[in-house]
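Enquirer: Listed below are the residues making up each chain.
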Amino acid sequence: MTDITYPLYLDLAAGLLLLSAIGVLWRRQLAAMINLFAVQGVALAAIVAIIGVHQHSLELALVAAGLGVLRAGVLPHLARRALGNSPAEARETRPVVNVAASLLAAAALTLLAYAVTRPLVALEPSPATAILPAAVTVVLIGFFTLVTRRRALAQVVGFLLLDNGITATAFLAAAGVPLIVELGVSFDLLLVALVLQVLTTRLRSAFGSTDLDELRELHD
Amino acid sequence: MSTLLLLAAIGLPLAAALGYATWGWRRRTTAWTGVVTTGLLAVDAIGLATTVTRHGPAHTAAGLLRADALSAWMLLGVAAVALLACWASPAYLASGHTGGRRARWYAVLLHLFIAAMATAVLAGNLGILWVAVEATTIVTAFLVGHDRTRTALEAAWKYVVICSAAIAIAFLGLVLLYYAARHTGLGSEQALDWASLTGHAHQLDPAVTRIAIGLAVLGFGAKAGLVPMHAWLPDAHSQAPAPVSALMSGVLLPVALYAVLRVKAVADPALGTGYVRTLLVILALATLALAALLLIGQRDYKRMLAYSSMEHMGLIALAAAVGSRLAITALLLHMAGHGLAKTVAFLSSGHILHHHTSAQIADVRALAARMPLLAALFGLAVLALLGFPPAALFASELGIARAGTTAGMTWVTAGAFILVAVSFAAIVAHTGRMMLGPAAGTAPQAATTDHPPATFTLTTALPMIAGLLGVAALGIALGPTTDLLHTAATIVGAP
Amino acid sequence: MTSPAAFVATAVQVVVVAAGAPLLVGLMRQVHARLAGRAGAGIGQPWRDLRKLLRRQPATPVDTGWPFRTAPLLLMGSSLVLAAVVPLLTTASPLDPAADLFAVVGLLALGTVTLALAALDTGTAFGGMGASREITILALVEPTILIAVFALSARVGSTNLAAIVTATLHDPLRVASPASLLAAAALVIVVVAETGRLPVDNPATHLELTMIHEAMVLEYAGTDLALVEWASSMRLTVLLGLLASLFLPWGIAGPGLAALPLALLVFVVKVAGLGIALSTVEVFIAKLRLFRVPELLAGSLVLALLAVASSFFLA
Numbered sequence: 000m001t002d003i004t005y006p007l008y009l010d011l012a013a014g015l016l017l018l019s020a021i022g023v024l025w026r027r028q029l030a031a032m033i034n035l036f037a038v039q040g041v042a043l044a045a046i047v048a049i050i051g052v053h054q055h056s057l058e059l060a061l062v063a064a065g066l067g068v069l070r071a072g073v074l075p076h077l078a079r080r081a082l083g084n085s086p087a088e089a090r091e092t093r094p095v096v097n098v099a100a101s102l103l104a105a106a107a108l109t110l111l112a113y114a115v116t117r118p119l120v121a122l123e124p125s126p127a128t129a130i131l132p133a134a135v136t137v138v139l140i141g142f143f144t145l146v147t148r149r150r151a152l153a154q155v156v157g158f159l160l161l162d163n164g165i166t167a168t169a170f171l172a173a174a175g176v177p178l179i180v181e182l183g184v185s186f187d188l189l190l191v192a193l194v195l196q197v198l199t200t201r202l203r204s205a206f207g208s209t210d211l212d213e214l215r216e217l218h219d
Numbered sequence: 000m001s002t003l004l005l006l007a008a009i010g011l012p013l014a015a016a017l018g019y020a021t022w023g024w025r026r027r028t029t030a031w032t033g034v035v036t037t038g039l040l041a042v043d044a045i046g047l048a049t050t051v052t053r054h055g056p057a058h059t060a061a062g063l064l065r066a067d068a069l070s071a072w073m074l075l076g077v078a079a080v081a082l083l084a085c086w087a088s089p090a091y092l093a094s095g096h097t098g099g100r101r102a103r104w105y106a107v108l109l110h111l112f113i114a115a116m117a118t119a120v121l122a123g124n125l126g127i128l129w130v131a132v133e134a135t136t137i138v139t140a141f142l143v144g145h146d147r148t149r150t151a152l153e154a155a156w157k158y159v160v161i162c163s164a165a166i167a168i169a170f171l172g173l174v175l176l177y178y179a180a181r182h183t184g185l186g187s188e189q190a191l192d193w194a195s196l197t198g199h200a201h202q203l204d205p206a207v208t209r210i211a212i213g214l215a216v217l218g219f220g221a222k223a224g225l226v227p228m229h230a231w232l233p234d235a236h237s238q239a240p241a242p243v244s245a246l247m248s249g250v251l252l253p254v255a256l257y258a259v260l261r262v263k264a265v266a267d268p269a270l271g272t273g274y275v276r277t278l279l280v281i282l283a284l285a286t287l288a289l290a291a292l293l294l295i296g297q298r299d300y301k302r303m304l305a306y307s308s309m310e311h312m313g314l315i316a317l318a319a320a321v322g323s324r325l326a327i328t329a330l331l332l333h334m335a336g337h338g339l340a341k342t343v344a345f346l347s348s349g350h351i352l353h354h355h356t357s358a359q360i361a362d363v364r365a366l367a368a369r370m371p372l373l374a375a376l377f378g379l380a381v382l383a384l385l386g387f388p389p390a391a392l393f394a395s396e397l398g399i400a401r402a403g404t405t406a407g408m409t410w411v412t413a414g415a416f417i418l419v420a421v422s423f424a425a426i427v428a429h430t431g432r433m434m435l436g437p438a439a440g441t442a443p444q445a446a447t448t449d450h451p452p453a454t455f456t457l458t459t460a461l462p463m464i465a466g467l468l469g470v471a472a473l474g475i476a477l478g479p480t481t482d483l484l485h486t487a488a489t490i491v492g493a494p
Numbered sequence: 000m001t002s003p004a005a006f007v008a009t010a011v012q013v014v015v016v017a018a019g020a021p022l023l024v025g026l027m028r029q030v031h032a033r034l035a036g037r038a039g040a041g042i043g044q045p046w047r048d049l050r051k052l053l054r055r056q057p058a059t060p061v062d063t064g065w066p067f068r069t070a071p072l073l074l075m076g077s078s079l080v081l082a083a084v085v086p087l088l089t090t091a092s093p094l095d096p097a098a099d100l101f102a103v104v105g106l107l108a109l110g111t112v113t114l115a116l117a118a119l120d121t122g123t124a125f126g127g128m129g130a131s132r133e134i135t136i137l138a139l140v141e142p143t144i145l146i147a148v149f150a151l152s153a154r155v156g157s158t159n160l161a162a163i164v165t166a167t168l169h170d171p172l173r174v175a176s177p178a179s180l181l182a183a184a185a186l187v188i189v190v191v192a193e194t195g196r197l198p199v200d201n202p203a204t205h206l207e208l209t210m211i212h213e214a215m216v217l218e219y220a221g222t223d224l225a226l227v228e229w230a231s232s233m234r235l236t237v238l239l240g241l242l243a244s245l246f247l248p249w250g251i252a253g254p255g256l257a258a259l260p261l262a263l264l265v266f267v268v269k270v271a272g273l274g275i276a277l278s279t280v281e282v283f284i285a286k287l288r289l290f291r292v293p294e295l296l297a298g299s300l301v302l303a304l305l306a307v308a309s310s311f312f313l314a
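Chains as they are written, first to last, in numbering that gives the first Met the number 0: chain A, 0 to 219; chain B, 0 to 494; chain C, 0 to 314.
FYI, nobody ran anything at the bench for these hints, they're computed from the structure. Keep in mind the model is a prediction, meaning the values are calculated, not measured. It is possible that some hints are incorrect.
To be verified - Covered, in the sense of this in silico footprint (three residues per stretch, anywhere, with C-beta under 8 Å from a C-beta of chain B), are these stretches of chain A:
id, stretch
1, 116 to 128
2, 174 to 185
Claimed, not checked - Below, a sample of chain A positions facing chain B; criterion: calculated Cβ distance under 10 Å:
id, residue
3, V96
4, N97
5, A100
6, G141
7, T168
8, L198
9, F206
10, L217
To be verified - Anything over 10 Å on all C-beta distances counts as not near chain A; from chain B, calculated:
id, residue
11, T29
12, H54
13, G126
14, G144
15, A179
16, R181
17, P233
18, S237
19, V427
20, A476
From the three backbone atoms N, C-alpha and C, an ideal C-beta is built for every residue, glycine too.
Work the whole structure out from these sequences, hints included.
Expert: Next up, the structure:
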């Protein structure tokens, strides 16, 4: 990978990462959100693979393959299993913040991410760290989705987006964390997704829908 | 020898979980395996404590597991509370009429929980610490939702989502810390190793470290129940089965604050003590204020205990903010005392719930007259939590107050203790209403014919009595643990 | 550049756009018809319609004033100026100083606003409704088009469209940069909204619930209607040509007439290609409900903002 094409490919992959996050805020259909999350998994794996190829590291390439399988294959599959069959359940109809305002909030979050990550980029300027703002934006958008969506599955997608953004930050800033930590993190993420899938199914059978507004019996 | 001790601390609960998964839960036989393994864990913790006091920190598995005095003290706390919880579990499950399959799941998850907490306190690498804390969230998710009621499910959902999101933020902080550490030239394996990090902390870039530490403190603090991401705590602790609530309040919250302490030890040489101190003071005061406010009008006694946990975690966070040796000594003593007292409180509240089926304070009347033993246990536990001597919490709260004023944070400490006084009044009012009154004319609501609750015997009460004795003993004299406590305080406390 | 060659090139550009715009609309309708399984009316049908309309008498409703009467002329005028100013066939136009991003956006807005005022002037319910819908869309589209082209101009250092196109010609890899791709995505949505194509507005509908552009021109007849239709098709051609010039600029002629025939051919191919692509996509998508249109436009605004952010922060 030459010195010109490496930043270009990295920028494109990071752009795809960010756009899929914005797409999750944009779309209302839960199935579309899950597909966009799968696309983001591919983008994340691409980022790690590009960094791995640039550094001639076999370990990073293998990690990229593993990440791709986990975040573009297994996790979307688990999320789709939690989707359920009724058409009334298929879309996020009344988010706490409506779609147009969410998109404008996403633009504001992008600018916030750029402001906050200035010290990070300044520490070690490189094509990889220049894209850190995009990864941090994905983190912020994931958190925003988690907070403003009413459907259980939309919250799950928001959490997974948050985690994708944090993993992207890890690989862009320092070429990943130690392998054992990465393995532990991936395993934990898989288990959290499983737990959330099971809980969503139980919520649906106990409450009749996965509208989180129904969860209001515990309060002070 | 130390390798064996370190590995056994994690291996024993894992073996128990495996045993339960294979052979299930049987009242007479396998139910007591848990007590045996946690008893062995306690012995292992004592062994580790002596090794560490005599020979200094021990590590194994290429530094992934590391025990210094602080870890040993925390492990002792984990083992003690785990022992009490496992000892009380058979009686709790029997009194709740939990069948074979659900009891098996309960036991497997409980021991995996204990294993995860043991890993967290013995982790030498901040990454492993994070993985273990996240694992506790996963394992307790189904424990919180054990009852399968709508409220339990709601509590489980909130718990998993909020804690996982908070822990993810903590991970972002750790990632940025790793980035800063790699920049100082540390290798990939040492950049998250706690010992190496504290050694190289003064070389870390301040701007990046500031962001990293802020995120880590917020994330782990949320797992400890500190404001602003505390909303899961009252729900989860009130809906979980009593032994699980005991473990969560008594150990999980302190383990999360232990993580904050480890992170603080890295932050202070890099950023100076002011940054983390200010952050923790804000979080502590906010938590104390919220807990005090919400305790005043509280109507559910398990939620009351949960908010009391929040209050104590706020106090511990304040002690961590002060950061002097005296403050950390008081903090560690407070963690231990609170763990034991809260365990007894939750265990007895579990039995109160089984006898009255209602968790509302208004539905429990004249407990002291109708069930004197249970009322005595609950009342003494609450008194211990309120900080009456000879409970350890009396000495630790005194220590925190003194440390706060000596360190020049008089106004903050005064405000905090005013809020503690408000909580004190609220808890006394609620508990008094539950305990006192004439027995005649107030029949317990739980007298259903198909599931009469098991009588509360002395054997059922044994674990709680043991817990109360432990709190009292700790409060009177530290005894053999003096050296351990003081060495532990020197690890994270400023002189 | 005030050389005679530049004048000639610009004149050719205006004539081509004026003559070819109805052909483009006919091509798009033909593609749509063929894909829908119909025989279609042929590519030349819009020209036949224009000829028919030009022979008819214009009708002016009672109580309309000068906005209604002058709107077709202003619309046609602004479209002709746009055709001259935007670098479609050549980057060296005598109106080069006016070929600024803000001027072009202003001209587009001028055309839309005159039509909206004319619609209000008629005093009918359809006119008012169409005008309010159009202005809602305009309010969201204006910032997006400004920001998206600004993202492209940030690297070049100038908001002059010809300068941007020339810079892209010299550095082809720039088209694949994130700023460029995001700006392209935003501008595609803007073009669809500005010209009233699906999914924002159905150009073939006359149902009250779904009309936007058609509602505004409902009262026009005869030569007025011919001018309005012609001007609208010219705006579509110019906008598609702008897209092609900004993101696929190869083949555009510089100063001098030698490259002009090639530029003409390439321009026709590019704009026809974009038109066919747009028409094909239209077959497969449905019109968005009106209250969902702001969501789409907010999304394109976010894309444009991201384009600006990435053009500033990614070296």
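Enquirer: Does B/S237 clear chain A by more than 10 Å, comparing its Cβ with all Cβ atoms of that chain?
Expert: 8 Å, violated
Enquirer: Taking the closest Cβ pair, is A/T168 under 10 Å from chain B?
Expert: Since the shortest Cβ distance to chain B is 6 Å, the answer is holds.
Enquirer: For B/G126, is the shortest CB-to-CB distance to chain A above 10 Å, so the non-interface label stands?
Expert: 3 Å, violated
Enquirer: Using Cβ atoms and 10 Å as the threshold, tell me whether B/V427 really stays out of contact range of chain A.
Expert: 19 Å, holds
Enquirer: Closest CB-CB distance from B/T29 to chain A, is it above 10 Å?
Expert: With a cut-off of 10 Å, B/T29 remains clear of chain A, as the shortest Cβ separation is near 25 Å.
Enquirer: Non-interface claim for B/H54: all C-beta distances to chain A beyond 10 Å?
Expert: 26 Å, holds
Enquirer: Classify the hint on A/N97 as holds or violated, based on whether any CB of chain B lies nearer than 10 Å to its CB.
Expert: For A/N97, the interface hint is violated, since the closest Cβ of chain B sits about 22 Å away, which is over 10 Å.
Enquirer: Beyond 10 Å from chain A, beta-carbon-wise, is B/R181?
Expert: With a cut-off of 10 Å, B/R181 comes too close to chain A, as the shortest Cβ separation is near 5 Å.
Enquirer: Closest CB-CB distance from B/P233 to chain A, is it above 10 Å?
Expert: 7 Å, violated
Enquirer: Taking 10 Å as the limit, does the beta-carbon of A/G141 come near enough to a beta-carbon in chain B?
Expert: Holds, about 8 Å.
Enquirer: Determine whether the non-interface label on B/G144 survives the test: each CB of chain A must be over 10 Å from its CB.
Expert: At about 7 Å from chain A, B/G144 fails to clear the 10 Å cut-off, so the statement is violated.
Enquirer: With a cut-off of 10 Å, does the beta carbon of A/A100 approach a beta carbon of chain B closely enough for the hint to hold?
Expert: 21 Å, violated
In this structure, the earlier hints numbered 3, 4, 5, 13, 14, 15, 16, 17, 18 are contradicted, and the remaining ones agree with it.
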